[in-house]
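> Letter by letter, the chains look like this.
Number of protein chains: 2
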Amino acid sequence: MTPLDYLHAHEQDILDALIAFVQLPSVSTDPAYREGIARAAQWAAEQIRLAGPFDVEIIPTAGHPLVYGEWLGAPGKPTVIVYGHYDVQPPEPLDKWQTPPFAPEVREGRLYGRGVSDDKGPMLIPIKVAQAFFETRGGLPINVRFLFEGEEEVGSAHLETFIRDNPMRLAADFVLSADGAMWRIDEPSITVACRGMVGLEFALTTAAKDLHSGRYGGGINNALHAMAALVASLHAPDGRVAVTGFYDAVEAVSPDERAAMTTLGFDEMAWLAQIGGQAAFGEPGYTTLERLWTRPTLEVNGMWGGYQGAGSKTVIPAEAYAKITCRLVPHQHPDDIAEKLIAHLEAHRPPGAQLSITRDGYGALPYRIDPTHMGLKVAEAALIDVYGKKPLYVRMGGTIPVSEFFKRRLNLDTVFFSFSTADEDFHAPNEFFRLHRLREGLEAWARYWERLSDV
Amino acid sequence: MTPLDYLHAHEQDILDALIAFVQLPSVSTDPAYREGIARAAQWAAEQIRLAGPFDVEIIPTAGHPLVYGEWLGAPGKPTVIVYGHYDVQPPEPLDKWQTPPFAPEVREGRLYGRGVSDDKGPMLIPIKVAQAFFETRGGLPINVRFLFEGEEEVGSAHLETFIRDNPMRLAADFVLSADGAMWRIDEPSITVACRGMVGLEFALTTAAKDLHSGRYGGGINNALHAMAALVASLHAPDGRVAVTGFYDAVEAVSPDERAAMTTLGFDEMAWLAQIGGQAAFGEPGYTTLERLWTRPTLEVNGMWGGYQGAGSKTVIPAEAYAKITCRLVPHQHPDDIAEKLIAHLEAHRPPGAQLSITRDGYGALPYRIDPTHMGLKVAEAALIDVYGKKPLYVRMGGTIPVSEFFKRRLNLDTVFFSFSTADEDFHAPNEFFRLHRLREGLEAWARYWERLSDV
Chain L
1 MTPLDYLHAH
11 EQDILDALIA
21 FVQLPSVSTD
31 PAYREGIARA
41 AQWAAEQIRL
51 AGPFDVEIIP
61 TAGHPLVYGE
71 WLGAPGKPTV
81 IVYGHYDVQP
91 PEPLDKWQTP
101 PFAPEVREGR
111 LYGRGVSDDK
121 GPMLIPIKVA
131 QAFFETRGGL
141 PINVRFLFEG
151 EEEVGSAHLE
161 TFIRDNPMRL
171 AADFVLSADG
181 AMWRIDEPSI
191 TVACRGMVGL
201 EFALTTAAKD
211 LHSGRYGGGI
221 NNALHAMAAL
231 VASLHAPDGR
241 VAVTGFYDAV
251 EAVSPDERAA
261 MTTLGFDEMA
271 WLAQIGGQAA
281 FGEPGYTTLE
291 RLWTRPTLEV
301 NGMWGGYQGA
311 GSKTVIPAEA
321 YAKITCRLVP
331 HQHPDDIAEK
341 LIAHLEAHRP
351 PGAQLSITRD
361 GYGALPYRID
371 PTHMGLKVAE
381 AALIDVYGKK
391 PLYVRMGGTI
401 PVSEFFKRRL
411 NLDTVFFSFS
421 TADEDFHAPN
431 EFFRLHRLRE
441 GLEAWARYWE
451 RLSDV
Chain A
1 MTPLDYLHAH
11 EQDILDALIA
21 FVQLPSVSTD
31 PAYREGIARA
41 AQWAAEQIRL
51 AGPFDVEIIP
61 TAGHPLVYGE
71 WLGAPGKPTV
81 IVYGHYDVQP
91 PEPLDKWQTP
101 PFAPEVREGR
111 LYGRGVSDDK
121 GPMLIPIKVA
131 QAFFETRGGL
141 PINVRFLFEG
151 EEEVGSAHLE
161 TFIRDNPMRL
171 AADFVLSADG
181 AMWRIDEPSI
191 TVACRGMVGL
201 EFALTTAAKD
211 LHSGRYGGGI
221 NNALHAMAAL
231 VASLHAPDGR
241 VAVTGFYDAV
251 EAVSPDERAA
261 MTTLGFDEMA
271 WLAQIGGQAA
281 FGEPGYTTLE
291 RLWTRPTLEV
301 NGMWGGYQGA
311 GSKTVIPAEA
321 YAKITCRLVP
331 HQHPDDIAEK
341 LIAHLEAHRP
351 PGAQLSITRD
361 GYGALPYRID
371 PTHMGLKVAE
381 AALIDVYGKK
391 PLYVRMGGTI
401 PVSEFFKRRL
411 NLDTVFFSFS
421 TADEDFHAPN
431 EFFRLHRLRE
441 GLEAWARYWE
451 RLSDV
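Chains L and A are the protein sequences, given in the same order.
Once you know that position 152 of the first sequence is 152 in the numbering used here, the rest is easy, because the numbers rise by one and skip nothing.
Once you know that position 143 of the second sequence is 143 in the numbering used here, the rest is easy, because the numbers rise by one and skip nothing.
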């Protein structure tokens with residue numbers, strides 16, 4: 001029996017394991033889910049032990065624990081760090097889920113549940129591939145260090161400390177990431193860049209308490225009016241970010257790369273239809289795909305104040321809140337952008353309002369890999385094996401901070417080799433993972449390790 | 001024993017009754033409180049029966065019931081409709097209350113609880129005054145029709161229908177309202193005008209679901225950016241309402257009235273200190289008091305969308321919501337202002353966003369009474385009896401729709417004779433009612449009815 005035969009024969013077991021994994025509510029941003037995080041870390045460690053004779057350790061951090069497992073029994077062969085994360089986004093808004101987020105259900109060839117695509121399905125694949133090699137061959141074709149974290153959705157801060165402090169333990173040729181995503185379902189792709197991130201929250205206060213809109217209306221500023229004006233000031237009406245200096249460090253996209261992106265055949269109408277959007281919108285002078293991949297953004301992720309219940313409440317709200325994150329592109333730095341954002345908010349503070357700003361721990365530099373990297377060539381060959389066609393080289397609008405940490409701290413590049421797809425509603429209700437991607441991913445990872453062994 | 005002696009001797013009983021009344025959670029705007037509403041209506045009816053031989057009836061409406069009680073045993077004497085309301089505002093935000101909103105507590109001469117000042121304390125006063133007259137004299141000096149409603153906080157719509165359909169049952173000389181408020185604690189005052197009201201809610205949608213801010217950021221408009229821009233467009237930066245035609249019908253305040261308002265000695269710094277405001281703010285060209293009493297306003301009462309939990313969530317919200325109410329001044333009409341608001345929202349709909357608007361049932365015309373009205377003169381005399389000084393004639397920034405209904409449907413004027421005070425945090429957490437106002441109100445109502453009997 002070959003590893004591929006083994007994987008084929010155990011498809012249902014692997015799906016059952018993924019369902020068990022998704023049932024553990026490992027939301028990293030919210031302290032209410034602390035127990036779900038701990039159980040998911042234990043579960044992942046147990047799965048690695050089950051796969052083969054790995055040295056497995058749950059490594060505590062100042063935040064959520066790391067799960068580490070190494071097998072270095074292939075001397076002379078390459079060593080890869082296999083990265084993934086067991087934490088998930090919050091499930092809210094709960095009322096938009098067709099089935100509960102932590103009660104995964106298969107419908108029409110898809111498994112639905114929070115974290116199923118980001119990143120529990122993709123992360124389980126290399127563990128099960130390792131199991132297939134051990135069960136059929138008694139060993140792996142390469143050396144593997146599994147490194148799974150529980151803080152990807154909140155900026156990977158403690159993973160960075162671990163990487164900085166453990167260079168020997170993480171000696172490797174490169175990082176092979178189970179996180180990331182194929183950009184669309186109909187073509188395999190390889191990601192060669194991702195955006196960075198910086199975030200902050202702010203509050204505006206205009207009085208010590210909410211006030212009766214009759215008694216006080218016309219007398220003082222309403223915190224929601226102040227918030228609307230301040231948030232509106234962050235963008236020009238055409239969609240360009242209006243924060244002074246925001247675009248200063250941004251590298252112009254080369255005519256060659258722009259031309260290459262045009263040939264990818266991005267179908268804007270299909271893309272809009274898929275998300276239920278009315279019209280594409282954003283910074284003028286760029287195509288939608290150029291904006292998604294190569295331009296920085298400033299998004300308000302939450303904004304609120306006043307009465308949100310049924311009916312009306314004639315109140316002048318005294319407090320209003322907003323959460324912001326920016327996606328950064330090469331040469332932008334999170335600290336520099338945070339400073340510029342704060343300067344903008346302070347300069348545009350509305351009359352009669354107090355402003356308080358909290359920077360998120362959350363910060364990540366943007367990342368790029370040389371498109372001729374050996375690890376990418378192996379990925380290309382493995383994808384041709386599975387899909388019968390040459391993969392596209394694409395950028396990613398999202399952020400995987402760990403890739404930049406590995407580069408900066410250990411000079412290791414990251415090859416993204418995920419089998420989630422960009423349309424699978426991660427970070428939104430009804431997240432799903434396509435079951436055929438699970439099968440394809442298992443085959444592709446097995447082929448990757450075998451091909452890498454022969455490089 | 002005189003009625004005043006009786007009231008003095010029963011102060012503690014009356015306070016206990018008020019506490020029992022406030023314990024009934026009669027929030028009219030939220031269907032979750034339906035039972036609290038029903039219990040409060042029954043309680044009020046019972047209190048009227050307890051006061052004396054009134055014909056009492058709980059009158060169902062398409063909304064919350066009316067409580068009616070009449071005693072017409074003083075032939076030849078004036079007849080007044082005594083108006084009040086047993087419904088209250090929602091208690092949210094609950095975490096801002098020092099003690100629970102429906103567990104009233106006396107602290108430092110004040111009773112704290114939702115609805116204690118608006119309007120349960122003031123409404124209980126005339127019931128207890130009636131009881132004092134029946135217990136000591138066996139009858140009232142005038143004819144009284146109690147009419148208490150359960151929908152004041154949601155626009156009094158079904159009371160208007162009842163007034164329209166029952167002109168004979170409501171035959172009276174004028175309305176004496178236990179709702180309203182003294183404008184400040186250090187001087188008695190009589191209200192001669194109040195503002196009207198119109199409200200609506202709207203939603204903006206930019207996609208069929210919330211989207212990952214990395215994958216989609218830069219591609220489509222964010223519903224919160226759209227909402228901020230749309231809400232910001234409602235006001236000019238200087239605080240003036242920017243809706244076309246909003247001020248068209250507004251009558252200019254006469255130089256005489258402006259001069260009279262100046263002599264009232266409004267202390268802006270003290271007013272700001274009391275509400276914890278940084279600075280007064282609003283339409284230029286008017287003093288703060290002029291804006292509060294004589295100018296219309298547009299206030300956003302609630303605005304929300306996206307993630308509001310702990311930590312961050314990197315999402316592009318697909319939906320955003322806002323609730324608006326306007327306070328109207330003489331000659332503005334709710335329908336006309338609603339049309340202008342809707343036209344503004346549609347004209348400023350941001351790119352890529354769908355707009356849906358719901359008009360609140362909520363609408364009320366502004367109201368004024370002739371300052372020489374006999375009922376006001378009796379009020380002035382009764383207030384001089386109690387306070388030893390001549391009351392101020394003031395306007396009110398708030399809205400009591402019923403006054404305009406009585407005027408339009410039955411040509412009856414409304415005399416406001418409430419003993420709540422404008423600073424008692426109605427519509428906000430920690431609403432309170434001063435216990436000395438309860439004593440003063442009981443005396444003043446008893447004196448009012450006696451003086452009215454002699455007119």
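Just so you know, the hints here were simulated from the structure itself, not pulled from any lab data.
Treat the hints with care, since some could be wrong.
Straight-line alpha carbon distances no greater than 20 angstroms define the calculated SDA-like cross-link-like pairs of lysine to any residue that follow [stated by the list, open to error]:
1) Lys-377/A to Gly-302/A
2) Lys-209/A to Arg-110/L
3) Lys-209/A to Asp-454/L
4) Lys-209/L to Arg-451/A
5) Lys-209/A to Arg-258/L
From the derived model, a few chain L residues whose C-beta atoms are all more than 10 angstroms from chain A [what the hints assert, rightly or not]:
6) Thr-2
7) His-10
8) Glu-57
9) Thr-61
10) Lys-209
11) Ser-254
12) Ala-260
13) Ala-270
14) Phe-281
15) Gly-311
16) Ser-312
17) Asp-360
18) Val-386
19) Asp-425
Only a predicted model underlies this, so the values are computations on that prediction, with no experimental measurement involved.
Beta carbons are placed, not taken as given, at the ideal position from N, Cα and C, and that holds for glycine.
> Going back to the hint list, which numbers does this structure go against?
1, 3, 4, 5, 10, 14, 15, 16, 17 and 19
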